[in-house]
Every structure is written in structure tokens, then in C-alpha cells.
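Asks: These are the residues of each chain, in order.
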Amino acid sequence: MSEVIATRRLVTRLLIVVVVMFCFGIFVLPPFYDAMCRVFGINGKTAGAYQGEQMVDEQRQVRVQFLATNAAGMVWEFGPQADEILVHPGEARDMLFVAYNPSDKPMSAQAIPSVSPSKAAAFFHKTECFCFTQQVLQPGERIEMPVRFIVDRDLPQDVKHLTLGYTLFDITARKPPVAQAP
Amino acid sequence: MSAVIDHGHTDHHHGPAKGLMRWVLTTNHKDIGTMYLWFSFCMFLLGGSMAMVIRAELFQPGLQIVQPEFFNQMTTMHGLIMVFGAVMPAFVGLANWMIPLMIGAPDMALPRMNNFSFWLLPAAFGLLVSTLFMEGGGPNFGWTFYAPLSTTYGPESTTFFIFAVHLMGISSIMGAINVVATILNLRAPGMTLMKMPLFVWTWLITAFLLIAVMPVLAGCVTMMLMDIHFGTSFFNAAGGGDPVLFQHVFWFFGHPEVYIMILPAFGAVSSIIPAFARKPLFGYTSMVYATAAIAFLSFIVWAHHMFTVGIPLTGELFFMYATMLIAVPTGVKVFNWASTMWQGSMTFEAPMLFSVAFVILFTIGGFSGLMLAIAPADFQYHDTYFVVAHFHYVLVPGAIFGIFASAYYWLPKWTGHMYDETLAKLHFWMSFIGMNLAFFPMHFVGLAGMPRRIPDYNMMFANFNMISSIGAFMFGATQLLFLFIVIKCIRGGKPAPAKPWDGAEGLEWTVPSPAPYHTFSTPPEVK
Ligand code: HEM
Ligand SMILES: [Cu+2]
Numbered sequence: 001m002s003e004v005i006a007t008r009r010l011v012t013r014l015l016i017v018v019v020v021m022f023c024f025g026i027f028v029l030p031p032f033y034d035a036m037c038r039v040f041g042i043n044g045k046t047a048g049a050y051q052g053e054q055m056v057d058e059q060r061q062v063r064v065q066f067l068a069t070n071a072a073g074m075v076w077e078f079g080p081q082a083d084e085i086l087v088h089p090g091e092a093r094d095m096l097f098v099a100y101n102p103s104d105k106p107m108s109a110q111a112i113p114s115v116s117p118s119k120a121a122a123f124f125h126k127t128e129c130f131c132f133t134q135q136v137l138q139p140g141e142r143i144e145m146p147v148r149f150i151v152d153r154d155l156p157q158d159v160k161h162l163t164l165g166y167t168l169f170d171i172t173a174r175k176p177p178v179a180q181a182p
Numbered sequence: 001m002s003a004v005i006d007h008g009h010t011d012h013h014h015g016p017a018k019g020l021m022r023w024v025l026t027t028n029h030k031d032i033g034t035m036y037l038w039f040s041f042c043m044f045l046l047g048g049s050m051a052m053v054i055r056a057e058l059f060q061p062g063l064q065i066v067q068p069e070f071f072n073q074m075t076t077m078h079g080l081i082m083v084f085g086a087v088m089p090a091f092v093g094l095a096n097w098m099i100p101l102m103i104g105a106p107d108m109a110l111p112r113m114n115n116f117s118f119w120l121l122p123a124a125f126g127l128l129v130s131t132l133f134m135e136g137g138g139p140n141f142g143w144t145f146y147a148p149l150s151t152t153y154g155p156e157s158t159t160f161f162i163f164a165v166h167l168m169g170i171s172s173i174m175g176a177i178n179v180v181a182t183i184l185n186l187r188a189p190g191m192t193l194m195k196m197p198l199f200v201w202t203w204l205i206t207a208f209l210l211i212a213v214m215p216v217l218a219g220c221v222t223m224m225l226m227d228i229h230f231g232t233s234f235f236n237a238a239g240g241g242d243p244v245l246f247q248h249v250f251w252f253f254g255h256p257e258v259y260i261m262i263l264p265a266f267g268a269v270s271s272i273i274p275a276f277a278r279k280p281l282f283g284y285t286s287m288v289y290a291t292a293a294i295a296f297l298s299f300i301v302w303a304h305h306m307f308t309v310g311i312p313l314t315g316e317l318f319f320m321y322a323t324m325l326i327a328v329p330t331g332v333k334v335f336n337w338a339s340t341m342w343q344g345s346m347t348f349e350a351p352m353l354f355s356v357a358f359v360i361l362f363t364i365g366g367f368s369g370l371m372l373a374i375a376p377a378d379f380q381y382h383d384t385y386f387v388v389a390h391f392h393y394v395l396v397p398g399a400i401f402g403i404f405a406s407a408y409y410w411l412p413k414w415t416g417h418m419y420d421e422t423l424a425k426l427h428f429w430m431s432f433i434g435m436n437l438a439f440f441p442m443h444f445v446g447l448a449g450m451p452r453r454i455p456d457y458n459m460m461f462a463n464f465n466m467i468s469s470i471g472a473f474m475f476g477a478t479q480l481l482f483l484f485i486v487i488k489c490i491r492g493g494k495p496a497p498a499k500p501w502d503g504a505e506g507l508e509w510t511v512p513s514p515a516p517y518h519t520f521s522t523p524p525e526v527k
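These protein sequences, in sequence, are chains A and B. Each residue of the first sequence is one higher than the one before, starting from 1 at the first, in full-length UniProt numbering. Each residue of the second sequence is one higher than the one before, starting from 1 at the first, in full-length UniProt numbering.
One should not assume that every hint holds.
To be verified - Result set (SDA-like, lysine to any residue): computed pairs, CA atoms no more than 25 angstroms apart in a straight line:
#	chain 1	residue 1	chain 2	residue 2
1	A	K160	B	P155
2	A	K160	B	L313
3	A	K119	B	F318
4	A	K175	B	L313
5	A	K126	A	E84
6	A	K119	A	H161
7	A	K160	B	G239
8	A	K126	A	V39
9	A	K160	B	P243
10	A	K119	B	G310
11	A	K126	A	P113
12	A	K119	B	P155
13	A	K126	B	V244
14	A	K160	B	P312
15	A	K175	B	F379
16	A	K105	B	G310
17	A	K119	B	W251
18	A	K175	B	G239
19	A	K175	A	R93
20	A	K119	B	P376
21	A	K175	B	R22
22	A	K119	B	F379
23	B	K279	B	R112
24	A	K119	A	R93
25	A	K119	B	V244
26	A	K175	B	A377
27	A	K175	B	L149
28	A	K175	B	P376
29	A	K126	B	G310
30	A	K105	B	G231
31	A	K175	B	L507
32	A	K119	B	I467
33	A	K119	B	A377
Treat the hints as calculated values from the structure; they're not laboratory data.
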């Protein structure tokens with residue numbers, strides 16, 4: 001019967017749509033979202049390590065403020081060495097963050113950066129950052145972690161003040177520290 | 001997956017099988033439609049009693065009746081049960097009953113799959129409701145189950161919740177495939193697409209929406225499952241993921257979902273208003289195109305639920321204007337309904353009362369939607385009771401009144417009896433007054449800053465909340481009257497003629513009332 005065949009063909013096509021949409025949800029949307037974030041600096045996401053060079057703009061000064069936050073359940077002491085610094089766009093600057101593990105267990109951690117205002121995120125380049133890797137601290141150990149960054153000369157004129165924030169997550173359960181011990 | 005066409009020919013007059021197994025094994029679209037409708041009504045009462053718990057707690061400021069943890073489970077379960085258990089299955093039930101009758105088909109195209117998609121639902125909701133009794137309680141993260149609230153901080157039972165959502169999703173997808181196959185392949189000769197009743201049209205478009213977005217929801221909960229159990233980090237910032245991604249994926253499903261809940265009601269009302277205005281529907285073609293336009297636009301507006309998460313300015317502007325654009329095709333529909341009533345010889349039986357209230361109150365919900373669509377203003381309204389007022393105005397007098405109107409309109413066809421018109425009018429007025437009392441004050445407390453999903457509130461909101469609670473109790477109690485009216489109608493009443501409404505049009509009125517177990521075994525002639 002022709003209706004039966006037509007129905008079977010239609011159902012097959014609809015099922016293909018279902019599978020395609022499922023894959024779209026899992027395999028397309030997340031990477032696409034990531035890419036959008038990187039391109040537009042959405043959510044304060046900055047791009048990966050910056051390779052280029054920049055001319056220093058001596059005429060202009062931008063205030064860069066540092067924030068350190070512990071995610072829920074994270075026991076480390078964690079903070080920047082200075083609350084804020086003044087930088088010229090185009091110059092490479094360093095800041096040290098200090099972390100201390102007060103617990104009696106080795107722990108590993110991951111810092112997640114965020115820049116606000118978000119429209120400035122695309123103009124904030126990090127050439128080196130402790131957030132590019134994970135940190136492992138033995139009980140009672142303290143480390144100084146560097147971040148080196150350049151504020152782009154093309155930063156919109158109305159942005160005079162930037163905040164670089166880090167949230168520190170405890171990832172001991174996910175990445176046991178022993179496996180990474182030096 | 002055998003099509004119906006090859007059964008029913010052997011014995012034209014065989015009736016339903018006897019006993020319980022009739023319902024377990026049935027492949028008859030009318031039986032399955034009936035089961036969907038009863039299931040949906042049970043869920044409506046269950047979700048409704050949860051709403052009563054919420055409103056009882058909010059009757060006065062302070063904590064009196066339930067603990068905040070339980071309150072959160074009630075708001076979550078109320079939303080989930082009403083959306084996935086009450087509204088969606090009710091429309092699938094109506095589709096099962098009416099689409100074959102409206103297009104002159106002997107049954108749905110895939111009767112066995114139909115049976116399976118129904119029976120998945122009791123399993124899904126049994127599982128979902130059972131989480132309330134598990135250690136740590138049921139889902140407490142809101143019906144939108146944002147990560148990381150649901151992944152990192154959710155109760156143990158979240159895994160069962162995920163599984164229940166998977167089952168509901170499979171059920172809806174199969175139901176939608178069945179509707180598409182029926183409408184595209186089983187229309188009687190002469191029933192061209194542009195002759196189909198609007199209920200069939202809106203359901204066809206709804207089915208495509210379901211097929212497109214239910215898999216995305218399935219993907220969303222699958223990613224949650226992997227984050228919880230398999231160490232991935234889709235939504236976990238510590239592992240390089242992003243909780244905001246969750247909201248994008250969820251609302252990519254979620255906004256089309258709200259239209260899934262309203263489009264079939266649009267269709268039903270577009271059949272009912274002409275019947276009681278005794279005039280053909282004004283602007284049939286524009287109705288079809290408006291529905292398609294709404295469906296298309298619903299894919300590009302999702303971020304209006306996320307104005308406050310920090311999307312770039314251009315994004316805010318895009319989603320703001322795209323959202324406002326939806327008001328245009330929606331307005332076309334409202335004007336068409338109004339024009340259909342204009343200078344008609346109207347009578348106000350229960351289906352018409354519910355339909356007229358639908359048009360008026362849904363429009364109010366549309367307007368509050370437009371207010372929310374103004375991105376800068378949404379920073380004030382977001383996550384307040386104003387949003388609660390908005391979506392209850394589109395969903396209660398929208399989806400639910402649409403279902404009530406359809407139920408009264410087609411009850412004579414289903415049961416062979418007329419329902420009790422006086423009681424039905426009472427049901428209408430109690431619902432109308434109760435619902436407005438319950439939800440209108442929410443606009444005010446919302447604008448004044450009362451947050452949603454919180455069991456306690458500032459003293460200054462006390463009066464309005466008490467009014468809301470009284471209205472909600474009234475609305476809730478009235479639904480027992482509806483149950484009584486339906487049972488009374490099933491058990492007896494004035495016998496209904498084949499066409500009980502003189503202005504009604506459509507093939508469903510050419511078969512006797514109650515509709516025989518098998519109809520249109522030979523396709524009708526459509527002129
Ligand atoms: C003109 C049409 C509409 C517009 C412009 C509109 C706009 C909006 C906006 C901007 C929000 C987000 C508010 C916020 O969270 O701050 C919202 C929420 C909502 N809308 Fe609409 N809407 C419209 C129609 C509808 C319809 C027809 C339905 C359902 C039948 C609906 C259901 C909902 C729901 C359920 C929510 C809240 C979701 C949640 O956060 O729990 N809306 N609407
Ligand atoms: Cu929406």
C-alpha cells in the first residue's frame with residue numbers, strides 16, 4: 001500500500017531530524033558558544049595566550065583591578081599582591097597571585113578568569129597566566145603565581161577601568177594531585 | 001509501525017475489547033485520546049495541589065506551613081508537572097481524538113507507536129513524582145533546572161529527574177511524529193492543506209516545533225547527566241565549561257516550548273469562535289501564515305530569558321527586537337478573532353465564554369510579555385513576580401482555557417450527551433474570577449520587587465499576596481466542579497445530535513454522537 005510506504009519514508013525523515021537536532025544540542029551548540037565567547041569576549045572570556053607585540057601608548061592610563069574569589073567549598077587562601085595597578089595600553093605588566101593550602105591534604109585547583117566590563121574582554125590579552133594550567137599544593141604549601149597581560153591599544157576610549165577576576169575551584173576529586181606531582 | 005489502513009477492514013463494526021486490557025493494548029485513536037486527556041487531568045489536579053501548597057505558604061508573610069526546602073520542591077514540581085504533564089498531554093489527547101475526525105482519517109498513522117507514547121507518560125511521571133519521597137527530596141531547582149544549581153548543588157534524585165525528562169521527551173517526539181504522519185499522509189481525498197481546520201494546522205506546526213526542540217532538551221539533560229556522573233564539564237566552570245551555556249541550550253528549547261503550549265489552543269479557539277459567532281473565520285490564510293511566522297520567530301528569541309546574564313549590547317538589542325517582532329503575527333491573530341466576532345450573531349455557551357476570555361486575557365499576557373521584552377526594563381522585572389504574572393496570563397487563560405473550551409466544545413461528540421450548561425457557566429465564571437484574582441495582583445508585587453520562588457516576603461506585599469492566594473484557592477476548587485461536570489456528562493444528559501452547535505463546521509460533526517469506535521473507514525468526500 002502506497003500510504004504505508006509514504007508513512008515509512010516520512011517517519012524515517014523525521015527521525016533523522018530528531019537525531020540531527022540531538023547532535024546539534026550536544027555537539028554543535030557548546031563549541032559554537034565557546035567560539036562566540038572567544039570572538040566577542042562574552043562572559044569576560046579572554047582568548048588564549050597572546051603572541052603579538054604592541055606599542056606602548058604613554059598618553060593613556062587604565063586602572064586594572066584584581067579580584068580573587070573562592071568557589072564554594074574551596075579552602076585555599078587566595079589573593080592578588082595588589083588590589084589594583086595603573087597601566088598604559090600596549091605595555092606588558094605582571095601581577096602575582098598568592099595561594100596557600102591550609103588543609104592537611106594535597107589538593108589541586110583550577111582558576112577561571114573573567115574580565116569585566118565584558119566588552120573590554122576582547123582587548124585584554126594574557127601572555128602568561130596560572131589559569132592556563134592547574135595548580136597542585138601540598139599541605140601547608142604556598143606559591144606565587146604570575147599573570148602577565150597587555151591591555152590592547154584599541155581598547156574603547158570610554159573604558160577607563162577594568163577588572164580581572166579569578167574564581168578558584170577545587171578540582172582535587174576530578175584531577176587527583178598525586179598523578180600530577182612533579 | 002504498521003499503518004492503520006490495513007486493519008479495521010476485515011470487521012467494520014467490531015467495538016472495543018472488554019476489560020482492562022482494552023486500555024493497555026489499544027491502538028484506537030479515540031481510546032488513546034481519552035487516556036491522554038484523563039492522564040492530563042490527573043496531572044492538572046496533582047500540579048494544582050502543589051500550587052495550593054505554594055499559595056497557602058504565601059498566604060501570609062513568614063514561614064508557617066512548609067519548610068523552604070519543600071517549598072522549592074513544590075515550585076519546581078508544579079512547573080514541571082503543569083508543563084509536561086498537564087498542558088502538553090492534554091493537547092496530544094485532543095490531537096488524537098480530533099485530528100483523524102477533522103481530516104477524515106480512520107485513525108492515526110502509527111497506532112502502535114501511539115499506544116507506546118502514551119504509556120511512557122505514566123512511567124515518566126511516576127518516576128518524577130517518586131523523587132519527592134527519596135532521600136534528599138525531589139528536584140528543587142525550578143522547572144528551568146539551571147546548572148550548576150541542578151548539577152553541582154542538586155539533590156541525589158536529579159538522575160531520576162533526568163531520566164524522567166528523557167522519557168517525556170521520547171513520548172512527545174513520538175506523538176509529534178505521529179501527528180505529522182497523520183496530517184500529511186491520511187487526509188481524505190479533497191482535503192487540501194489550505195482546507196484543513198486551523199486546529200490541524202496549528203498542530204502540524206506544533207509537531208514540527210516538538211521534533212526540532214525536544215531533542216535539544218534531551219541533549220541538555222544528557223549533558224547534565226554526563227557532568228554529574230561522567231566527569232565532563234559542559235556546565236562546570238572549574239573544568240572549562242560555562243553555566244551560561246546551560247541557559248542558552250535550555251532556552252533554545254524553552255522558548256519554542258512555550259509556543260508548543262499555546263499554538264494548539266490558538267487552533268482550537270479558531271474553530272470555536274466562528275461556531276458561536278456564526279460567521280466563517282476571518283482571515284484563514286493569514287492565520288496559517290501567522291502561526292508559521294510565530295513558530296519561525298520562536299527560534300531566534302530565546303535570549304530574552306537571559307537579558308541579565310551579561311550578553312553584549314548588540315545581542316540584547318537583537319533579542320529585544322526579535323522578541324517584539326513576535327507581537328506582530330500574534331496581533332494578527334487577535335485581530336482576526338475579534339473580526340470574526342464583529343457583527344456575528346454570538347451566543348455564549350461555555351466553549352465560547354472560555355474562548356472570548358482566552359482572547360482578552362491572553363492579550364494581557366502578550367502585553368506584559370512586551371514589557372518584559374524591553375531589555376533595559378527587564379533588569380528590573382526579571383525573576384520577580386511580574387514574570388510569574390506574565391506567564392500565568394498566557395498559560396492559564398491561554399493554554400488551559402483553550403483546553404477547557406475544547407473540552408466543552410467536543411464533549412457532546414465524545415460522550416453523546418450534552419454537558420450541564422449551567423454548571424459549565426459556573427465553572428467558567430469561577431475560573432475567570434479566581435484566575436484574575438490570583439494572578440493580576442502579581443503584576444503589582446512584581447513591579448514593586450517581590451522575587452519569585454521565595455517562601456517568605458516583605459510585609460508590604462502582604463495584602464496582594466492574600467488576595468492572590470484566595471483567588472488561587474477559588475480557581476483550584478473550581479476544577480473539582482469541572483471533574484464533576486465531565487463525569488455527569490459521561491454518565492448521562494440530554495442526548496447530543498451529530499452537530500450540537502448550529503454554527504459549527506467540519507467533518508467531525510458529520511459522524512454521529514458519540515463518535516463510533518471506528519470512523520471514516522472509507523474516506524469521506526470533501527468538496
Ligand atoms: C508577545 C508575546 C510574548 C512576549 C513578547 C514574551 C516575552 C517574554 C520575556 C521577555 C520573558 C522573560 C522574562 C524574564 O525572565 O525576565 C518571558 C518569560 C516567559 N514567557 Fe513570555 N512572551 C510572550 C508570549 C508568551 C507565551 C505565548 C507563552 C506561553 C504560552 C509565554 C510563556 C512564558 C514563560 C513560561 C516565561 C517564564 C519562564 C521562566 O523563567 O520560568 N510567553 N516572556
Ligand atoms: Cu520566551
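Asks: Now tell me if each hint is right for this structure.
Replies: To see whether the hints hold, each was checked on the structure:
1. A/K160 to B/P155: violated, 44 angstroms
2. A/K160 to B/L313: holds, 18 angstroms
3. A/K119 to B/F318: Within the cut-off at roughly 16 angstroms; holds.
4. A/K175 to B/L313: violated, 38 angstroms
5. A/K126 to A/E84: Roughly 16 angstroms between the alpha carbons, so the hint for A/K126 and A/E84 holds.
6. A/K119 to A/H161: Roughly 12 angstroms separates the two Cα atoms, so the pair holds.
7. A/K160 to B/G239: violated, 32 angstroms
8. A/K126 to A/V39: This hinted pair holds, its Cα atoms lying about 15 angstroms apart.
9. A/K160 to B/P243: violated, 29 angstroms
10. A/K119 to B/G310: holds, 10 angstroms
11. A/K126 to A/P113: holds, 11 angstroms
12. A/K119 to B/P155: Violated - the C-alpha atoms of B/P155 and A/K119 are around 36 angstroms apart, more than 25 angstroms.
13. A/K126 to B/V244: holds, 23 angstroms
14. A/K160 to B/P312: At roughly 18 angstroms apart (the allowed maximum being 25 angstroms), B/P312 and A/K160 satisfy the hint.
15. A/K175 to B/F379: violated, 39 angstroms
16. A/K105 to B/G310: violated, 37 angstroms
17. A/K119 to B/W251: holds, 23 angstroms
18. A/K175 to B/G239: holds, 10 angstroms
19. A/K175 to A/R93: Violated - the C-alpha atoms of A/R93 and A/K175 are around 31 angstroms apart, more than 25 angstroms.
20. A/K119 to B/P376: Measuring from Cα to Cα gives roughly 17 angstroms; hence the hint holds.
21. A/K175 to B/R22: violated, 56 angstroms
22. A/K119 to B/F379: holds, 18 angstroms
23. B/K279 to B/R112: Measuring from Cα to Cα gives roughly 39 angstroms; hence the hint is violated.
24. A/K119 to A/R93: Roughly 21 angstroms between the alpha carbons, so the hint for A/K119 and A/R93 holds.
25. A/K119 to B/V244: holds, 17 angstroms
26. A/K175 to B/A377: Violated. A/K175 to B/A377 sits at ~43 angstroms, over the 25 angstroms cutoff.
27. A/K175 to B/L149: holds, 22 angstroms
28. A/K175 to B/P376: violated, 42 angstroms
29. A/K126 to B/G310: Holds - the C-alpha atoms of B/G310 and A/K126 are around 22 angstroms apart, at most 25 angstroms.
30. A/K105 to B/G231: holds, 22 angstroms
31. A/K175 to B/L507: Not satisfied, since the Cα-Cα distance of roughly 65 angstroms exceeds 25 angstroms.
32. A/K119 to B/I467: violated, 45 angstroms
33. A/K119 to B/A377: holds, 21 angstroms
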